[in-house]
Each structure stands twice: as structure tokens, then as C-alpha cells.
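Engineer: Residue numbers (the UniProt record's numbering), protein chains in the order written: chain D, 1 to 467; chain C, 1 to 467.
One should not assume that every hint holds.
For identical chains, the list gives no copy identity; a pair is met inside one copy or between any two copies.
[What the hints assert, rightly or not] In silico DMTMM-like cross-links for lysine to aspartate or glutamate, where the CA-CA straight-line distance does not exceed 25 angstroms: (1) Lys35 - Glu326; (2) Lys119 - Asp140; (3) Lys280 - Asp369; (4) Lys119 - Glu197; (5) Lys119 - Asp244; (6) Lys99 - Glu148; (7) Lys280 - Asp268; (8) Lys280 - Asp436; (9) Lys135 - Glu123; (10) Lys99 - Glu60; (11) Lys35 - Glu60; (12) Lys99 - Glu80; (13) Lys119 - Asp264; (14) Lys35 - Glu466; (15) Lys99 - Asp255; (16) Lys35 - Asp62.
In case anyone wonders, no lab produced these hints; they're calculated from the structure.
Here is what each chain is made of, one letter per residue.
There are 2 protein chains.
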Amino acid sequence: MTIQTPLSEYRFDPDAENAGIDAALIAIEVARLLKEDRTDEIRQFLETLELADTAALIEELDEASDLTVMHLLPLHDQAELIGYLRPSSQVSVATRIRKRDLVALMTAMSHDERADLFKQLDEEAQEAILPALSKAEREDLRRLASYEEWTVGSVMTSDYAVVRPEMTSSQAIEALRTQALDAETIYYAFIVGESRELLGVVSLRDILTARPRQRVSEIMDTEPVFVRVTEEQEEAARLIARYDLLALPVLDENDRLVGIVTADDAMDVSEEEVTEDFHKGSIVQPLDMSVAEATIATLYRARIFWLVLLVFGNIFSGAGIAYFEETIAAHLSLLFFLPLLIASGGNAGTQSATLMVRALATGDVRPTDFGRLLARETLIALALGLTMAFAVSVIGVWRGGPEIALVVASAMVTIVLMGALIGMCLPFIFARIDRDPAAASGPLVTSIADVLGVVIYFTIAARLLEL
Amino acid sequence: MTIQTPLSEYRFDPDAENAGIDAALIAIEVARLLKEDRTDEIRQFLETLELADTAALIEELDEASDLTVMHLLPLHDQAELIGYLRPSSQVSVATRIRKRDLVALMTAMSHDERADLFKQLDEEAQEAILPALSKAEREDLRRLASYEEWTVGSVMTSDYAVVRPEMTSSQAIEALRTQALDAETIYYAFIVGESRELLGVVSLRDILTARPRQRVSEIMDTEPVFVRVTEEQEEAARLIARYDLLALPVLDENDRLVGIVTADDAMDVSEEEVTEDFHKGSIVQPLDMSVAEATIATLYRARIFWLVLLVFGNIFSGAGIAYFEETIAAHLSLLFFLPLLIASGGNAGTQSATLMVRALATGDVRPTDFGRLLARETLIALALGLTMAFAVSVIGVWRGGPEIALVVASAMVTIVLMGALIGMCLPFIFARIDRDPAAASGPLVTSIADVLGVVIYFTIAARLLEL
Numbered sequence: 001m002t003i004q005t006p007l008s009e010y011r012f013d014p015d016a017e018n019a020g021i022d023a024a025l026i027a028i029e030v031a032r033l034l035k036e037d038r039t040d041e042i043r044q045f046l047e048t049l050e051l052a053d054t055a056a057l058i059e060e061l062d063e064a065s066d067l068t069v070m071h072l073l074p075l076h077d078q079a080e081l082i083g084y085l086r087p088s089s090q091v092s093v094a095t096r097i098r099k100r101d102l103v104a105l106m107t108a109m110s111h112d113e114r115a116d117l118f119k120q121l122d123e124e125a126q127e128a129i130l131p132a133l134s135k136a137e138r139e140d141l142r143r144l145a146s147y148e149e150w151t152v153g154s155v156m157t158s159d160y161a162v163v164r165p166e167m168t169s170s171q172a173i174e175a176l177r178t179q180a181l182d183a184e185t186i187y188y189a190f191i192v193g194e195s196r197e198l199l200g201v202v203s204l205r206d207i208l209t210a211r212p213r214q215r216v217s218e219i220m221d222t223e224p225v226f227v228r229v230t231e232e233q234e235e236a237a238r239l240i241a242r243y244d245l246l247a248l249p250v251l252d253e254n255d256r257l258v259g260i261v262t263a264d265d266a267m268d269v270s271e272e273e274v275t276e277d278f279h280k281g282s283i284v285q286p287l288d289m290s291v292a293e294a295t296i297a298t299l300y301r302a303r304i305f306w307l308v309l310l311v312f313g314n315i316f317s318g319a320g321i322a323y324f325e326e327t328i329a330a331h332l333s334l335l336f337f338l339p340l341l342i343a344s345g346g347n348a349g350t351q352s353a354t355l356m357v358r359a360l361a362t363g364d365v366r367p368t369d370f371g372r373l374l375a376r377e378t379l380i381a382l383a384l385g386l387t388m389a390f391a392v393s394v395i396g397v398w399r400g401g402p403e404i405a406l407v408v409a410s411a412m413v414t415i416v417l418m419g420a421l422i423g424m425c426l427p428f429i430f431a432r433i434d435r436d437p438a439a440a441s442g443p444l445v446t447s448i449a450d451v452l453g454v455v456i457y458f459t460i461a462a463r464l465l466e467l
Numbered sequence: 001m002t003i004q005t006p007l008s009e010y011r012f013d014p015d016a017e018n019a020g021i022d023a024a025l026i027a028i029e030v031a032r033l034l035k036e037d038r039t040d041e042i043r044q045f046l047e048t049l050e051l052a053d054t055a056a057l058i059e060e061l062d063e064a065s066d067l068t069v070m071h072l073l074p075l076h077d078q079a080e081l082i083g084y085l086r087p088s089s090q091v092s093v094a095t096r097i098r099k100r101d102l103v104a105l106m107t108a109m110s111h112d113e114r115a116d117l118f119k120q121l122d123e124e125a126q127e128a129i130l131p132a133l134s135k136a137e138r139e140d141l142r143r144l145a146s147y148e149e150w151t152v153g154s155v156m157t158s159d160y161a162v163v164r165p166e167m168t169s170s171q172a173i174e175a176l177r178t179q180a181l182d183a184e185t186i187y188y189a190f191i192v193g194e195s196r197e198l199l200g201v202v203s204l205r206d207i208l209t210a211r212p213r214q215r216v217s218e219i220m221d222t223e224p225v226f227v228r229v230t231e232e233q234e235e236a237a238r239l240i241a242r243y244d245l246l247a248l249p250v251l252d253e254n255d256r257l258v259g260i261v262t263a264d265d266a267m268d269v270s271e272e273e274v275t276e277d278f279h280k281g282s283i284v285q286p287l288d289m290s291v292a293e294a295t296i297a298t299l300y301r302a303r304i305f306w307l308v309l310l311v312f313g314n315i316f317s318g319a320g321i322a323y324f325e326e327t328i329a330a331h332l333s334l335l336f337f338l339p340l341l342i343a344s345g346g347n348a349g350t351q352s353a354t355l356m357v358r359a360l361a362t363g364d365v366r367p368t369d370f371g372r373l374l375a376r377e378t379l380i381a382l383a384l385g386l387t388m389a390f391a392v393s394v395i396g397v398w399r400g401g402p403e404i405a406l407v408v409a410s411a412m413v414t415i416v417l418m419g420a421l422i423g424m425c426l427p428f429i430f431a432r433i434d435r436d437p438a439a440a441s442g443p444l445v446t447s448i449a450d451v452l453g454v455v456i457y458f459t460i461a462a463r464l465l466e467l
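Taking the hints into account, I'd like the entire structure generated from these sequences.
Structural biologist: Written out as C-alpha cells, the structure is:
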């Protein structure tokens with residue numbers, strides 16, 4: 001499988017930031033070979049590529065070339081490749097190939113991926129495909145496509161491997177062998193009763209290590225971890241991570257097995273969830289599409305709500321300043337320290353909030369740890385505040401003399417302590433009132449710290465300077 | 001495997017935030033049964049638990065009870081259980097059980113987990129264990145423990161399954177059967193040459209679907225994806241996610257197979273990396289331990305550097321204000337809008353920065369997309385700025401009349417646009433100069449936006465009001 005083409009010089013950088021660049025370079029070379037009709041060389045090169053890389057390459061090719069290259073692969077690989085393409089590219093490919101080819105492709109695709117693709121197609125395209133599928137496939141497709149976007153149902157697949165409880169382990173191996181081409185995984189096999197209720201799960205490892213005559217019913221796990229089809233998809237991802245599973249059975253409300261979620265799909269779900277947490281943490285409302293493909297209107301809507309809300313929140317800071325106008329007018333040099341003080345409160349608060357949000361999300365700390373953590377945070381914030389007060393008092397003496405320095409240093413300790421404690425408490429409060437702690441974000445903490453910072457600073461200034 | 005004890009009423013909530021609470025409740029019940037010497041009931045209950053849940057339970061028990069409960073499990077389960085405990089709990093257990101038990105436990109543990117535990121032990125404990133192990137185990141332990149914390153070597157394991165190229169597929173299945181108890185996974189088998197150089201990889205699925213007489217050499221993948229032992233651990237996680245692998249071979253500089261990274265370990269690495277990104281994004285320097293277990297000094301050190309640095313950065317905002325002292329003294333009502341305007345620039349910038357940081361990290365956008373994204377961001381920021389200018393001009397008219405409203409509205413559009421563009425560009429600049437885009441964080445963007453916000457606001461005010 002060695003290749004002599006110049007393509008062989010290229011390799012894919014697994015770093016997400018660079019893999020796309022490699023794909024773009026390779027695409028130029030492939031487009032050149034296509035023009036010269038050297039498809040054999042391209043086919044040879046494709047054989048050395050992983051399908052994920054081929055997909056990245058296909059994304060880079062222009063329309064027409066991408067289909068030509070895709071068709072160089074055997075059908076089974078094409079079906080797998082589709083799943084690696086971006087949703088919009090999948091639709092683009094699906095609408096440009098012949099209907100017969102699309103039906104063949106969708107029949108060969110894994111059940112969850114074809115349901116995802118089907119959902120993206122417009123009604124006309126959907127209606128064109130359905131009659132061409134077998135009845136079983138059509139029902140499966142309709143059912144999988146019917147689950148709401150955020151549910152376990154929307155990420156599960158129905159092509160799981162099945163064995164019967166009365167099979168011996170050698171018979172079970174034989175049964176898995178016959179399902180190996182179509183099943184999403186054969187490393188876990190599922191045992192269901194007459195009305196498809198889940199009786200147990202057995203791993204291929206356990207089947208292999210059993211005695212050849214031992215029956216599946218003797219080695220299966222009869223109380224496996226499972227998830228309900230209507231629960232949030234994150235639940236499935238959490239279970240798979242917590243119990244180190246390769247696949248998780250999904251049951252409907254009648255305990256019937258309706259699908260499985262595999263570990264690689266769980267990783268995708270986790271990645272989406274993390275992205276959502278990052279966005280929430282910077283007051284961007286969840287996007288249900290990729291940032292690269294989002295329209296201006298979508299991004300505008302996701303961002304404007306909190307921005308405007310915080311404008312109104314910040315009116316309180318302005319009101320605080322207005323309230324102290326006399327003190328400020330008498331000591332205009334106080335203004336020099338205003339940005340620095342209120343920013344410090346917000347920064348310390350952002351640190352505390354993020355540390356807690358993430359620790360709560362990973363289960364590193366629990367809501368019940370609150371008291372202990374609060375005590376620790378108070379000490380840390382005091383130490384941070386004192387260090388920063390020292391730094392700022394040096395500037396204070398230089399800019400406004402010892403009196404101003406004293407005001408600024410005292411304000412700094414108080415503001416940092418206040419900011420850090422607000423930042424720490426907010427995620428716990430959110431968790432308590434059943435909201436996502438991730439929304440206890442930097443900008444929200446910063447806004448609260450701003451208001452209080454203004455009040456604290458000028459109150460201290462008014463007291464100390466008027467003495 | 002049904003249980004009649006009251007324990008059976010309890011179940012573990014898979015949500016990370018709640019699982020700990022369940023464990024605490026169950027621990028109280030288990031402690032009560034222990035006092036009454038009803039160990040059989042506990043043993044029966046443990047049989048129904050997944051090991052991850054048993055570990056959570058053990059974390060909640062006091063010293064002595066935890067060992068008693070652990071010893072109710074068979075050795076093989078104990079060895080697996082240890083890996084689910086927190087590092088500090090692992091060390092606590094290891095230092096409290098008898099040396100003979102510890103040696104038995106470490107012999108049964110998976111190679112990567114025992115190396116991690118070994119590294120945590122003090123030298124005395126290390127020296128006590130080593131002579132009791134077999135020479136091969138000792139060398140394996142020393143080697144795995146020798147890799148630096150952030151490398152692929154530190155997360156790989158050496159108990160991978162091996163088959164020989166000349167084996168038929170039935171012989172390969174037989175070979176995997178005999179390795180099933182000790183190998184980390186038997187779903188991928190590795191083929192190595194005389195000096196342990198990697199010749200290929202074959203999945204158990206491919207072995208099963210091959211004809212019984214077909215040889216491993218005919219079905220193995222001779223150009224598998226691999227990673228170098230000295231690369232960053234994130235690289236392994238990225239490859240596993242990109243190519244949907246269950247295990248990734250790790251090669252040394254001489255192309256010898258030295259270990260594998262499994263998908264579940266890759267998930268842990270990704271989670272650590274995400275946590276690091278969250279922390280960087282809120283100016284907390286990477287912690288190499290859990291937040292719950294970090295000391296005050298550790299957290300102080302991780303937080304103080306950027307806090308103080310940004311204090312000095314914010315001096316520029318203060319200097320900006322001082323520079324416009326005359327304008328401010330003449331129009332003190334301008335101060336009312338100062339917090340609101342500079343906060344808006346920071347908030348819009350934080351949104352843009354986070355959207356880009358995360359999109360770059362997931363490969364959703366690439367550095368080469370910069371131009372297109374900049375154009376889009378400019379339009380979005382203009383739309384956001386205009387909306388916010390409208391909102392704020394209403395307050396402006398109310399607080400200071402139409403002139404002030406005009407100043408504030410123009411400043412808002414300019415500041416939001418500027419904030420958003422800085423927030424968008426910074427991650428790309430960081431990527432360009434080979435720094436982690438995650439460090440292009442909210443607080444950093446906010447500080448820059450603060451300085452520019454002050455200057456923009458008062459420049460516009462000075463121009464418009466002095467006309």
C-alpha cells in the first residue's frame with residue numbers, strides 16, 4: 001500500500017487547528033490530478049487515508065470534484081465518510097447525487113447518521129427517498145428522526161448487536177460475526193425479551209472468556225446501566241464517561257430497548273456541551289449550529305439579550321457614581337483609580353466563578369462542599385486583595401499622596417474580597433435554584449462587582465477623606 | 001442478584017453534581033450496617049453496584065470502614081476500583097493496607113493506573129514495593145512512571161493485546177482469549193516485529209469477520225494512526241476523537257510500540273484540557289491538581305500573577321480619565337455613563353473572544369478563515385452596537401438631554417465595535433504567535449476594551465460638547 005504519487009508527501013496534522021490547512025493543500029493537488037484524469041493515483045492515495053481525513057479533503061474540493069472523488073471509494077466507505085462531513089456538506093452532497101445513489105448510500109449508512117442527514121433534507125427530498133427504502137428501514141428512519149434535538153433519542157442509533165440468552169458463548173460469537181458488517185458495535189451485545197424489553201448486556205470480552213458451552217444468560221449483566229430515550233443527551237454522555245462504557249442501552253418508558261449511544265457519539269455530545277458552557281460563561285446563548293456556519297442574524301440574537309440586559313444592570317454603577325458626585329468633584333484624582341479598582345473586583349470574581357463552575361461541572365466539588373470552600377476562598381481572596389492593595393498603594397502615594405493611597409488600598413482589599421466571594425457563591429446559588437451554574441459567568445459577576453465596587457470605593461473615600 | 005436490604009432503595013444519580021450526594025447517603029447506611037456486623041448485606045449490595053459507584057461510596061466512608069468495605073470485593077474488582085478513587089484517596093488506601101495486600105493489588109491493577117499511584121507514593125513506600133514485584137513488572141512500573149506529567153507516556157498503558165502476523169484469524173481469537181484477563185482492551189490487537197517495531201493493528205471486529213484461515217498479516221492495517229510517546233497528551237486525545245478509535249498505539253523514537261492510549265483515558269485527558277482552557281480564559285494559571293484538593297497557596301499562586309498584571313494594565317484607563325479631567329469637571333453627568341459604556345465594550349469583546357477561542361479549539365473555524373469572519377463580525381458588532389446605542393440614548397435623553405444622548409449613543413456604537421473586533425482578533429493573534437488562543441480571555445479583552453473605551457468616550461464627548 002505504498003504510494004509513489006507526490007501526494008504521499010502530505011500528512012494530516014491531527015491538531016484541529018492545522019488539519020484543515022493540510023486538507024486545503026492536498027485538495028489543490030487532488031484537483032490538479034483530477035484535471036489530468038489521473039484518478040488511479042487519487043484512488044491509491046485515498047486508500048492510505050483515514051476516512052476522517054478523506055472527509056476533510058472532500059470539504060475542500062469544489063462541487064463536482066467532491067462527488068468524483070467520493071465515488072472513487074467503495075459504497076461502504078462512502079456511507080461511513082458521509083458521517084464525517086459537516087451537516088451542511090452532507091446536505092449538499094445528498095442533494096447533488098442521483099436519487100438511486102442516495103438511497104443506496106442511506107441504506108448503507110449507520111442508522112443514527114442517516115437519521116441526522118434525513119432531518120436536514122427539505123421535505124421534497126425526504127418524500128423522494130422514503131418510498132425507495134424498505135419498510136423496516138423507513139420506519140426506523142422516521143422513528144429516529146422524530147426525537148427532539150436535545151434528547152438521548154436524537155443521538156442514539158438502532159443498529160445494535162443482539163444475542164439470545166439461551167445461546168452458548170460460541171453461538172453468540174457466531175451471531176456477532178454475522179452482525180459485524182451492519183452493527184454500530186459488536187463489542188457489546190444486547191439481550192432482549194419477546195416485547196424487546198432489555199434483559200441484559202454482555203461484552204464480547206466476557207463472551208470470549210466464558211467457557212464455550214456457557215450460556216449467555218449465565219454471563220450477561222442483568223442490571224446494566226441504561227438511560228431513557230427522552231432524557232437529555234448529556235445524561236448519556238455522563239453515564240458513558242462515569243462507567244467507562246463503549247455503548248449505553250437506551251430504553252423507552254416501557255423498558256423496551258430502542259437504541260444505544262456509543263462512546264464516540266458521547267464524546268461529540270460532551271464537546272457540544274462544553275461549547276455551550278463556554279458560550280454561556282461569556283453571555284452567548286446556546287447556538288444549535290456551528291459558529292463557522294451561523295448567520296449574522298443567529299449570532300446577533302444569541303448575543304444581544306444579555307448585552308442589553310447588562311447595560312441596564314450597569315446603570316446602577318452609573319447611579320452610584322452620580323450619588324457620590326460631590327466627593328468626586330472635591331477629589332477628582334479619585335477617578336484615576338476607579339477603572340483599576342472595579343476591574344480588579346470583576347477579575348477576581350471571574351476567576352472564582354470559573355473555578356467553581358468547572359469544578360461543579362466535573363463533579364470535582366459538590367454543592368455540599370460550599371461551607372468549606374467559602375472559608376478557603378475568603379482566605380485566598382484576602383491574600384490576593386492584600387497583595388493587590390500593596391501594589392496599588394505604591395501608585396496611590398505617587399499619584400495622590402498617603403491619604404489617597406490609604407483609601408485606594410482599603411478599597412482594593414474590600415472590593416477583591418467582595419468580588420471573589422460573589423464569584424464563588426453565584427454558581428452555587430444557580431445550582432441551588434436549578435439553573436445551569438455555567439451561566440454564573442464572568443460578565444454577570446463583573447457587572448455585579450462593578451456596582452458594588454463603585455459604592456465601596458466612594459463610601460470609603462467619603463469616610464476617610466472627610467475625617 | 002436482587003437485594004432485600006434497605007440499601008436497595010438508593011440509586012446513584014449519574015449527574016456529577018448529585019452522584020456524590022447519593023454516595024454520602026448510602027455511606028451512612030453502610031456505616032450503620034457495618035457497626036451491626038451485617039457485612040453479608042453490604043457484600044450483596046456491592047454486587048449490584050458499578051465499580052465507579054462503589055468508589056464514590058468508599059470516598060464517603062471514614063478510614064477503617066473504607067478498607068473493610070473494599071476488602072469485601074474480590075481482588076480483581078479491588079484493583080479496578082482503586083483506579084476510580086481520587087488520587088489522594090488512592091494514596092490514603094495504599095499507605096493504610098498491609099504491604100502484602102498492596103503488592104497483590106498493584107500486580108492486579110492496570111499498568112497505567114498503578115504507575116500513576118506509584119508516582120504519588122513517597123519514596124519509602126516506593127522502595128518497599130519495588131522488590132516485592134517481579135522483574136518485568138518492576139521495569140514496566142519504573143518506565144511508565146518516568147514520563148513527564150503532560151506527555152502521552154504519562155497516560156498510556158503497556159498492557160495491550162498482541163497477535164502475530166502469521167496467525168490465522170481463529171488462532172488470533174484464541175490468542176486474544178488468553179490475554180483477555182490482563183489486557184486493557186482486546187478489541188484492538190497489535191502486531192509487532194522482532195525489536196517491537198509496530199507492524200500493524202487489527203480490530204477484533206476485523207478478525208471475527210475474516211475467513212477462519214485468513215492470516216492476520218492479510219487483514220491488519222499496516223499504516224495505523226499512531227502517536228509519539230513524548231508528544232503532548234492532548235495530541236493522543238485529539239487523534240482518538242478525530243478517528244473514532246478505541247485505542248491508539250504509542251511509539252518511541254525508534255518506532256517501537258511502547259504502549260497504547262485507550263478512549264476512556266483520552267476522555268479524561270480532554271476533560272483536563274477543557275478545564276485548563278476554562279481556567280486560562282478567566283486568567284487562572286493551569287493547576288495540576290483538582291480544585292477541591294488544591295491548597296490556598298496553590299490557588300493564590302495560580303491567580304495573583306494576572307490579577308496584578310491587569311491592575312497595572314488598568315492604570316492606562318485611569319490615565320485616560322485623568323487626561324480628560326477638564327471635560328469631566330465641566331460635564332460631571334458624563335460619569336454616569338462611564339461604567340455602562342466601558343462594560344459594554346468588554347462584554348461584547350468577551351463574547352467574540354469566547355466564540356472564536358472555542359471554535360478554534362474544536363476545529364470549527366481555522367486561522368485561514370480570519371478574513372471572512374472579520375467581515376461577519378464587523379456587521380454583527382455594528383448591529384449589536386446600534387441596538388445598544390438605541391437603548392442607552394433613551395437613558396441619555398432622560399439623564400442629560402439630547403446632547404449627552406448623542407455623545408453616549410455614538411460612543412456606544414464605537415466602543416462595542418472596537419470591543420468585538422479586539423475580542424475576535426486576539427485569539428487569532430495568539431494562534432499566530434503560537435500561544436494558546438484560550439489565553440485571549442475575557443479579563444484581558446475587558447482590560448484592553450476598558451482603556452480604549454475611556455479614550456473613545458471622552459474624545460467623542462470633548463468633540464461634540466465643545467462644538
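Engineer: Each hint should be assessed against the structure and marked as holding or not.
Structural biologist: Right, here's what the structure says about each hint:
Proximity of Lys35 and Glu326 under a CA criterion of 25 angstroms is satisfied in neither setting, with 78 angstroms inside one chain copy and 69 angstroms between copies. Taking identical chains as interchangeable, the C-alpha atoms of Lys119 and Asp140 lie at most 25 angstroms apart only when both belong to the same chain, with a minimum of 13 angstroms there against 51 angstroms between chains. For the identical chains of this complex, Lys280 and Asp369 are neighbours both inside a copy (24 angstroms) and across copies (24 angstroms), given an alpha-carbon limit of 25 angstroms. Neither within a single protomer nor between protomers do Lys119 and Glu197 lie at most 25 angstroms apart by alpha-carbon distance, with minima of 28 angstroms and 46 angstroms respectively.
Proximity of Lys119 and Asp244 under a CA criterion of 25 angstroms is satisfied inter-copy only: 23 angstroms between copies versus 30 angstroms inside one chain copy. In this assembly of identical chains, Lys99 and Glu148 lie within 25 angstroms of each other by CA distance neither inside one copy nor across copies; the values are 27 angstroms within and 54 angstroms between. For the homomeric pair Lys280 and Asp268, the shortest alpha-carbon distances inside one copy (18 angstroms) and between copies (23 angstroms) are both at most 25 angstroms. In the homo-oligomer, the alpha carbons of Lys280 and Asp436 lie at most 25 angstroms apart both inside one protomer (9 angstroms) and across protomers (21 angstroms), since each shortest distance falls under that limit.
With identical chains, the CA atoms of Lys135 and Glu123 are at most 25 angstroms apart within one copy only, with a shortest distance of 19 angstroms there and 67 angstroms across copies. Within a single copy, Lys99 and Glu60 get their C-alpha atoms as close as 24 angstroms, which meets the 25 angstroms cut-off; across copies the closest is 60 angstroms, which misses it. In this assembly of identical chains, the alpha carbons of Lys35 and Glu60 lie at most 25 angstroms apart only when taken from the same copy (16 angstroms versus 67 angstroms across copies). Taking CA atoms no more than 25 angstroms apart as the test, Lys99 paired with Glu80 passes inside one copy only; the shortest distance there is 18 angstroms, against 51 angstroms between copies.
In the homo-oligomer, the alpha carbons of Lys119 and Asp264 lie at most 25 angstroms apart inside one protomer (21 angstroms), although the nearest pairing across protomers, at 30 angstroms, exceeds that limit. For the homomeric pair Lys35 and Glu466, neither the shortest alpha-carbon distance inside one copy (84 angstroms) nor that between copies (66 angstroms) is at most 25 angstroms. Taking the shortest Cα distances, Lys99 and Asp255 never come within 25 angstroms of each other, neither inside one copy (38 angstroms) nor across copies (47 angstroms). Proximity of Lys35 to Asp62 under the C-alpha cut-off of 25 angstroms is restricted to the intra-copy arrangement: shortest distance 13 angstroms within a copy versus 73 angstroms between copies.
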